[in-house]
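There are 2 protein chains.
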Amino acid sequence: MEDNNVQVRVMELIENRRFSDLRKLLEDINSTDLSLLLNELSIENMILTFRLLGKDQAAETFSYMEPDLQEKLISSLTDKELKEVVDELFLDDTVDLIEEMPSNVVKRILRTIAPKERKIVNEFLNYPSDSAGSIMTNEFVDLKENMTVDEAFQKIKKIGIDKETIYTCYVLSMSRKLIGVVTAKDLLLADRDKLIKDIMDTNIISVNTLEDKEIVARTFDKYDIIVLPVVDMENRLVGIITIDDAIDVIQDENTEDFEKMAAITPTEDGYFKTSVFSHAKNRIIWLLVLMFSAMVTGGIITNYENAFAALPILVSFIPMLMGTGGNCGSQSSTLIIRGLAMEEIKTKDFLKALWKEIRIALVVGILLAVINAIRIMIQYNDMKLAVIVGITLIATVALAKSLGCVLPMLAKKLKLDPAIMAAPLITTIVDTCSVLIFFNIAVMILGI
Amino acid sequence: MEDNNVQVRVMELIENRRFSDLRKLLEDINSTDLSLLLNELSIENMILTFRLLGKDQAAETFSYMEPDLQEKLISSLTDKELKEVVDELFLDDTVDLIEEMPSNVVKRILRTIAPKERKIVNEFLNYPSDSAGSIMTNEFVDLKENMTVDEAFQKIKKIGIDKETIYTCYVLSMSRKLIGVVTAKDLLLADRDKLIKDIMDTNIISVNTLEDKEIVARTFDKYDIIVLPVVDMENRLVGIITIDDAIDVIQDENTEDFEKMAAITPTEDGYFKTSVFSHAKNRIIWLLVLMFSAMVTGGIITNYENAFAALPILVSFIPMLMGTGGNCGSQSSTLIIRGLAMEEIKTKDFLKALWKEIRIALVVGILLAVINAIRIMIQYNDMKLAVIVGITLIATVALAKSLGCVLPMLAKKLKLDPAIMAAPLITTIVDTCSVLIFFNIAVMILGI
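Heads up: the protein sequence lines correspond to chains A and B, in order.
Sequential numbering of the first sequence, starting at 1289, is according to my numbering.
Sequential numbering of the second sequence, starting at 1289, is according to my numbering.
These aren't lab readings, by the way, just hints derived from the structure by calculation.
It is possible that some hints are incorrect.
Which copy? The list can't say, so a pair holds if one copy fits it or any two copies do.
Said to hold, decoys possible - For lysine-lysine, the following DSS-like pairs were computed, each having C-alpha atoms within a straight-line distance of at most 25 Å:
(1) K1465 with K1636
(2) K1432 with K1510
(3) K1473 with K1445
(4) K1510 with K1360
(5) K1636 with K1432
(6) K1343 with K1640
(7) K1443 with K1700
(8) K1510 with K1343
(9) K1404 with K1703
(10) K1482 with K1407
(11) K1636 with K1485
(12) K1432 with K1446
(13) K1482 with K1312
(14) K1569 with K1446
(15) K1407 with K1700
(16) K1510 with K1561
(17) K1636 with K1443
(18) K1312 with K1510
(19) K1473 with K1343
(20) K1432 with K1672
(21) K1482 with K1700
(22) K1701 with K1312
(23) K1636 with K1561
(24) K1636 with K1446
(25) K1360 with K1634
(26) K1432 with K1701
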């Protein structure tokens, strides 16, 4: 509600060309909200409003804007205005921007950056897209071990304004190797003439530039830290990763797992940003694989024509058996895959997890079998059919839950992503097996 | 590798009873790693090692330990030792501990807490488990607006050591209403004689104690903040939430979505902590619902006995049609559910998303139909069959993708959790529909 009120107020002020009032109003709006607000305005009004922002606020708001809006805005800015915005951006935001923009815009952006800065930007652009290097920023405060606390404060005051975080300072040797960490809290609580080397913590958690960003995110989660230093092969500090970027990685990884588990090839782009054909392409591969496997199940059914000629009602149980098997398998595989991702379940727990799933399968399977048998007795009064369906259910549930446990853990052991062993694949395998079990038991009991 | 080395070294030192060396070694180990290390030791050695830790490190390590290990440790500590640990814990960790422990242990813990503190702990315990109040802590630095920057530093130094975060200070009125925020950065960069009210930010992002913790987590993500103040109905500051707790909420919500989307009733406990019967209970409800729906599909099949008597091969296509329909529906619903959760897709985008899914469905459906038709012509050389299967595939894929888009968005609109409209439910609905479509088209084309 409140957001809408602000938006209405902004539109009114634009309409009445009361720009100094508008400027004052804008000053009080948070940059995140401002970026959302700009998104709702017409292009002309958006540019007009953006130009009223102070330098800092303009850059911060810009960094929160969606890439397509950024592109539109850039095309309306003069080179001088663009330079002002880019100058105020944090390095990691500049790198993100360059990665998102089309090449003609990139050229304009790079022209606005001073040669020395441009070299760093280019270096940052060269880190693999899933590495720690790709999400780090070079804005950190570095101290020397022989500085006093007072000198450290002087340095923070001098350079601190431009830094994304000043609360953790890094102590570097002459060759820029990372030798210690000092927090702003340590500095505040220490005497002003103490030496940095006497208060610094040498027990440092850091990652290498080439470390997988998934592991980076997990490091944040594990150690409850808000910033993580990134070092090169020689342990020289090259950048830091802040927790807001780590959260983005966590969310991206989760989205990727959701996609893989629904048989979709993951992409980095958002739902609406991805074209119809890309969507189709991301989905068709697994659909084809699963379709061919399902044809096998179909082929098996034709081998048992005798069975369903003898008892046509058998065919009507296929959807229930396949559905239940698939659902049981997807329940187990989801819990195991998530447990592995959260490191709550380890591959060494293999037998423990399997034994748990088998016991759960027996409880669930017997219950479902009994309910089905009762229903069959009431509806058809056919004991043989009740026994066939009951035994098939217990066997199918046991198999589905075992596979749901075994396959993801096997994938993990083979260094594959367990998420590919999710519902769709397991459902397809269980489908085939359940039909085989069903007809074999039927043939046995009916004596066909 | 390194972790193992440390563990071996710790065991050696215990074996040889070189406790002063052990104490020195322990000082350099991070509390998170230490909690993992203690988990690997025998109970006696764990307690022995824990007693060697300094007060701060002991409390921090304790807060990272698993509840069952905490319980074992507490039962071996004297009341005095327990008091020392609990005194050093942050309030939110104490509250978490009390929530996890059995009642006899809780009584012992509460006895060690001073009456005044105990009152606050009890208040915190009373917030609903999904509310902002349940994850906040009361350790924050509060300032008055007429203090100078210098006085603020004095206050931070005096009380700062015990606070979970000192980097964001809160300015309170006489009635403890939240009127402003000052960061340590603001303080460091300001002149020492400036007044707090001149540098404080009055544009505050805060949440109410009863706000859903999911919304709290989203607020962190949206505004890239590392700490969030929690106020009561009268806007009085009662606590703060730090980002590490927000990340835990994000991960818990993701796990909950994974579980709901796999037809599991979500629980707060971990995989191995949940008993076999609880697991079975969490899974059986949806299995029953889905089983009964699948029986409907089975019932429909029996109505078309004539069709599969005329062309028995028809039955063999059921698994492929049901499987493909289910997979298509789960692909769409997963993307839509995730998009809604990440606020990338809004309910107002309904038609836009539906139109996208329909176009994707046509691309995917036609491709699958053509591939199937070719296969049928090669294998059976039956044009009618190829047409029946082809048309059914296109219709099923279109229906599955439309439902996968419509149902989660409808749930969101009705203020239900979109995650319940995931793969299992949609698969079951699509199964029924695909069988209906298949036999109707068959009856029409075969003229039975």
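So, going through the hints one by one against the coordinates:
1. For the homomeric pair K1465 and K1636, neither the shortest alpha-carbon distance inside one copy (37 Å) nor that between copies (52 Å) is at most 25 Å.
2. Within a single copy, K1432 and K1510 get their C-alpha atoms no closer than 29 Å, and across copies no closer than 36 Å, so neither meets the 25 Å cut-off.
3. For the homomeric pair K1473 and K1445, the shortest alpha-carbon distances inside one copy (15 Å) and between copies (9 Å) are both at most 25 Å.
4. For the identical chains of this complex, K1510 and K1360 are inter-copy neighbours only, at 23 Å across copies versus 40 Å inside a copy, given an alpha-carbon limit of 25 Å.
5. When the C-alpha separation of K1636 and K1432 is checked against a cutoff of 25 Å, the pair qualifies neither within a copy, at 44 Å, nor between copies, at 55 Å.
6. When the C-alpha separation of K1343 and K1640 is checked against a cutoff of 25 Å, the pair qualifies neither within a copy, at 59 Å, nor between copies, at 36 Å.
7. In the homo-oligomer, the alpha carbons of K1443 and K1700 never lie at most 25 Å apart, since the shortest distance is 47 Å inside one protomer and 51 Å across protomers.
8. Proximity of K1510 and K1343 under a CA criterion of 25 Å is satisfied inter-copy only: 22 Å between copies versus 37 Å inside one chain copy.
9. Within a single copy, K1404 and K1703 get their C-alpha atoms no closer than 41 Å, and across copies no closer than 53 Å, so neither meets the 25 Å cut-off.
10. When the C-alpha separation of K1482 and K1407 is checked against a cutoff of 25 Å, the pair qualifies neither within a copy, at 37 Å, nor between copies, at 40 Å.
11. Taking the shortest Cα distances, K1636 and K1485 never come within 25 Å of each other, neither inside one copy (42 Å) nor across copies (57 Å).
12. When the C-alpha separation of K1432 and K1446 is checked against a cutoff of 25 Å, the pair qualifies only within one copy, where the shortest distance is 15 Å, while the shortest distance between copies is 27 Å.
13. In this homomeric assembly, K1482 and K1312 come within 25 Å of each other (Cα to Cα) only across copies, at 23 Å, whereas the closest approach inside a single copy is 44 Å.
14. For the identical chains of this complex, K1569 and K1446 are neighbours neither inside a copy (52 Å) nor across copies (61 Å), given an alpha-carbon limit of 25 Å.
15. In this assembly of identical chains, the alpha carbons of K1407 and K1700 never lie at most 25 Å apart, being 40 Å within a copy and 47 Å across copies at closest.
16. In the homo-oligomer, the alpha carbons of K1510 and K1561 lie at most 25 Å apart only across protomers (20 Å), although the nearest pairing inside one protomer, at 33 Å, exceeds that limit.
17. Taking CA atoms no more than 25 Å apart as the test, K1636 paired with K1443 passes in neither setting, with 49 Å inside one copy and 50 Å between copies.
18. In this homomeric assembly, K1312 and K1510 come within 25 Å of each other (Cα to Cα) only across copies, at 24 Å, whereas the closest approach inside a single copy is 43 Å.
19. Taking CA atoms no more than 25 Å apart as the test, K1473 paired with K1343 passes between copies only; the shortest distance there is 19 Å, against 30 Å inside one copy.
20. With identical chains, the CA atoms of K1432 and K1672 are never at most 25 Å apart, being 83 Å at best within one copy and 81 Å at best between copies.
21. Taking identical chains as interchangeable, the C-alpha atoms of K1482 and K1700 are never at most 25 Å apart, the minima being 50 Å within one chain and 58 Å between chains.
22. In this assembly of identical chains, K1701 and K1312 lie within 25 Å of each other by CA distance neither inside one copy nor across copies; the values are 59 Å within and 37 Å between.
23. Taking CA atoms no more than 25 Å apart as the test, K1636 paired with K1561 passes between copies only; the shortest distance there is 17 Å, against 41 Å inside one copy.
24. For the homomeric pair K1636 and K1446, neither the shortest alpha-carbon distance inside one copy (52 Å) nor that between copies (48 Å) is at most 25 Å.
25. Taking the shortest Cα distances, K1360 and K1634 sit within 25 Å of each other only across copies (23 Å), while inside one copy they are farther apart (48 Å).
26. With identical chains, the CA atoms of K1432 and K1701 are never at most 25 Å apart, being 44 Å at best within one copy and 57 Å at best between copies.
Hint compliance for this structure: hints 1, 2, 5, 6, 7, 9, 10, 11, 14, 15, 17, 20, 21, 22, 24 and 26 are not met, and every other hint is.
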